[in-house]
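Visitor: Here the protein sequences come in this chain order: A and B.
Our numbering applies: residue 1 is where the first sequence begins, and numbers increase by one.
Our numbering applies: residue 1 is where the second sequence begins, and numbers increase by one.
Derived from the structure by calculation, the hints contain no laboratory data.
A couple of the hints might just be wrong.
Claimed, not checked - Which stretches of chain A does chain B cover? Using the computed rule of at least three CB atoms under 8 Å from a CB of chain B, they are:
{"no.": "1", "segment": "123-134"}
{"no.": "2", "segment": "224-237"}
{"no.": "3", "segment": "386-397"}
{"no.": "4", "segment": "425-432"}
As the list claims (entries may be wrong) - Distance ranges between label pairs, derived from CB positions:
{"no.": "5", "chain 1": "B", "residue 1": "N56", "chain 2": "A", "residue 2": "K212", "range": "41 to 47 Å"}
{"no.": "6", "chain 1": "B", "residue 1": "N56", "chain 2": "A", "residue 2": "G173", "range": "14 to 20 Å"}
{"no.": "7", "chain 1": "A", "residue 1": "S492", "chain 2": "B", "residue 2": "P143", "range": "38 to 44 Å"}
{"no.": "8", "chain 1": "A", "residue 1": "G173", "chain 2": "B", "residue 2": "Y296", "range": "53 to 59 Å"}
{"no.": "9", "chain 1": "B", "residue 1": "H28", "chain 2": "A", "residue 2": "K215", "range": "39 to 45 Å"}
{"no.": "10", "chain 1": "A", "residue 1": "G323", "chain 2": "B", "residue 2": "A92", "range": "55 to 61 Å"}
{"no.": "11", "chain 1": "B", "residue 1": "L287", "chain 2": "A", "residue 2": "K215", "range": "39 to 45 Å"}
{"no.": "12", "chain 1": "B", "residue 1": "L16", "chain 2": "A", "residue 2": "G255", "range": "52 to 58 Å"}
{"no.": "13", "chain 1": "B", "residue 1": "S74", "chain 2": "A", "residue 2": "G93", "range": "51 to 57 Å"}
{"no.": "14", "chain 1": "B", "residue 1": "Y296", "chain 2": "A", "residue 2": "R119", "range": "55 to 61 Å"}
{"no.": "15", "chain 1": "B", "residue 1": "L16", "chain 2": "A", "residue 2": "D214", "range": "48 to 54 Å"}
C-beta: ideal position from N, C-alpha, C; glycine also.
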Amino acid sequence: MKFFKRAAFSAALFAGSMLSIPAVAADLSIAMDQIFQKMDPHNSNYNVDYSAASGVLERLIGFDKNMKLVPQLATSWEGSDDAKTFTFKLREGVKFHDGTDFNAAAVKANFDRLADQSRNLAKNSLFKVVDKVETPDDYTVVLKLKEPFGAMINTVAHPSVVIHSPKALEEFGKDVEKHPVGTGPFKFKEWIPGERLVLEKNEDYWDSEWPKVDKVTFYPVTESSTRVSMLLSDEVQFIHILPAELADSVESSGGYEVLEVPGITVWTASMNMLKDHFKDERVRRAFNLAVDQQAFVGVVYSGHGVVPDSPIAPDTRFYESQGPLKTDIEEARRLMKEAGYEDGFDIAIWGVNNSTGVRMLQFLQQQLSQINVRADIVPMEGATRSEKVFSSMVPEKAEFDMLLGGWSPSTGDADWHLRPVYATEGWIPKIYNMAFYSNETVDEAIQEALNTADPEKRREAYSVAQKQIWKDAPVVWLAIENKMAARKKGLSGVFQMPDGTMQFTHAAYE
Amino acid sequence: MLQYFLRRLAALVPVLFLISVFVFLFIHALPGDPARLLAGESATQEEVEAIRQALNLDRPLFAQYVDFLKNLASGNLGTSLRTGEPVSTMIARAFMPTFWLSVCALAWSVLFGLIAGVVSAVRRGSAGDHAGMFLAVSGISMPNFWLGLLLMQFFSVHLGWLGTSGFDEPSDLILPSITLGAGVAAIMARFTRSAVIDVAREDFIRTARAKGLRERVVIWKHALRNALIPVVTMAGLQFGFLLGGSIVVEKVFRWPGLGSLLLDAINFRDYAVVQAEIMLFSLQFLLINLAVDMLYGFINPAIRYK
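Sequences are here, hints too, so could you generate the full structure?
Guide: Have a look at this one:
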């Protein structure tokens, strides 16, 4: 047995002889920050799953490192003017790992699976608007929608909208989540839950230039110091995610580099607008003026982040800058006085009890004290908070005044940020509108942008929505945290994305 | 003696039943909604409801408890909400890594603790005694995640002698078992020291010395043997704790054991897994206690079982 064969080797190590295993240059090992749940992105909400599965299962459309759309299994796509018909031209000559041909029928099998709401898959809701999937010829797929949905192209690019081999879907059924078979540059080899996930090179990949590594091994490592140790002892060549406070120790070690990109997650402290004091726009503006966002980024993210200048992040599609956030305590105090709250009031701020969450809460508490607001901060264990916020929430009875949260639009499109967080239909517990913000102009603009597939018309509508939200300030905008990772120097093609996923298909060593 | 053993074994059944009730009520009383946790923070309410139905979490609590008991009686531990795997498979996979880690940690810490304890007791008040007890207090006080990270930093990153984490080969046991055993070794050392000091005041020790026995025989044969009863009890207790899997040490060393499994299960409110693990820990504890009781007879032949 391997275990015993290695015992002798270990004994030698124990005796202190300094052996070290030379790394095989063509293998890649990666430490991820979370455990893998399911290798079926159709049924997962987790970035770690999307990231690892992306080597095996490809999408029609992918994102480049700035969240711009790039062709993957589709070579071109277009939407009709009424945003109800979307046509995709498929790549020819592609085969799944099990030998099945990739064609329109294969895509239809997957899209039908996503559209079938009775399956109760985690991502079925993405395809709720889909009426039927048509295949006019072997390499064309047409999505017909029940109602206009201008954000459909970005929805198809969502990291969960992958194409499984139709044969595997049939053979394994729901168990496909343990046996992913796709068209990607890597084949699924082995998965020991909680320990490792191994992919190996697909020799027949359609893009003959790739892949350039023979094997990729993922380790789920939830303890961040352990991830850094694994990198620095060359057990892995890439770690995702690197906590900001450990960036210095990686950089000073030499031979390793820190990768940093602005994310698309915008952190906010929502103000419960069903409470009297937050109905007053002056109070909400005063809160935004009282908080020094630059200092927030320094305290909470050790400076590894940026201050938002719009409700959505710069790398989100249709972003438009609304000008910098100002900090002005005098003006904030004046506004509070004008609103009749010169002596402030008492509020409860809810957040999570991890170290970042507690720092956020304490910082806000201190900043708001400058305008005489006495904040009672309530850090909660993750599962408890999620129960209180999402499962037992009745908006009118909500006990919080402010609620910390961060939203990342996983489709990379403005719709999936503005609608869940600022539209009336997004009020928690339904989606993520934690301020109970409701504005007709915003709701209409968001809907209008969905009624067309024309990017210019959509841009105009989202411009209106962003302006109105920025003016109304239903939340205190806090920060866009940078997504950080670290890798061994000489490794290229492996990097983290603004949406929190990771790409590794073009991994290569110098 | 066999009869006594069997009677004790039978008495475990009602205890385990009571524990099952407690465990079930406790885990379901915790706030937290597994469907929401599985769906993730950014899921819509629709996605959450879809998952709730898919997992049968919409059934009444009492019905869920009856299912749990029925399954338990037939040896079926249920299915994990999070992974869809049978819980028995997950526990079987995680058990051996935790078992090996516990055995290694206990072995070195008992050995070290006994020797350090006896030496300290004999040289009571000497510099060696003070140094030993200083180490023991440090061992108890040092948070083990910190000790683990220090060891990893030094032996894996700096010297490159050992792997940082995971369990692929026997040498991977070294750092986590040192980390895990440090606290136990310290407790054992202090416990042994005071037990030996107590025994050393007894008349029969004076008699042994008066008979002209060599000091070594007096201490190691007569004093230690009689001091062993409380020490063995403590070692058994510690072993029970270790077998439960240390969440902190297993997390730091990426150990694929019961502690890591429990942590993931609690974070996701994976009821079936948490219930099964706590039932397993309870059973282990009960069995270890029984084993310790049986061991007394071998250590001290004066103890009889009825």
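Visitor: Run every hint past the structure and note whether it holds.
Guide: Verification of the hints:
no.: 1; hint: 123-134; in the structure: holds (count 4)
no.: 2; hint: 224-237; in the structure: holds (count 7)
no.: 3; hint: 386-397; in the structure: holds (count 5)
no.: 4; hint: 425-432; in the structure: holds (count 4)
no.: 5; hint: B:N56 with A:K212: 41 to 47 Å; in the structure: holds (46 Å)
no.: 6; hint: B:N56 with A:G173: 14 to 20 Å; in the structure: holds (18 Å)
no.: 7; hint: A:S492 with B:P143: 38 to 44 Å; in the structure: holds (39 Å)
no.: 8; hint: A:G173 with B:Y296: 53 to 59 Å; in the structure: holds (56 Å)
no.: 9; hint: B:H28 with A:K215: 39 to 45 Å; in the structure: holds (43 Å)
no.: 10; hint: A:G323 with B:A92: 55 to 61 Å; in the structure: holds (60 Å)
no.: 11; hint: B:L287 with A:K215: 39 to 45 Å; in the structure: holds (43 Å)
no.: 12; hint: B:L16 with A:G255: 52 to 58 Å; in the structure: holds (54 Å)
no.: 13; hint: B:S74 with A:G93: 51 to 57 Å; in the structure: holds (53 Å)
no.: 14; hint: B:Y296 with A:R119: 55 to 61 Å; in the structure: holds (59 Å)
no.: 15; hint: B:L16 with A:D214: 48 to 54 Å; in the structure: holds (50 Å)
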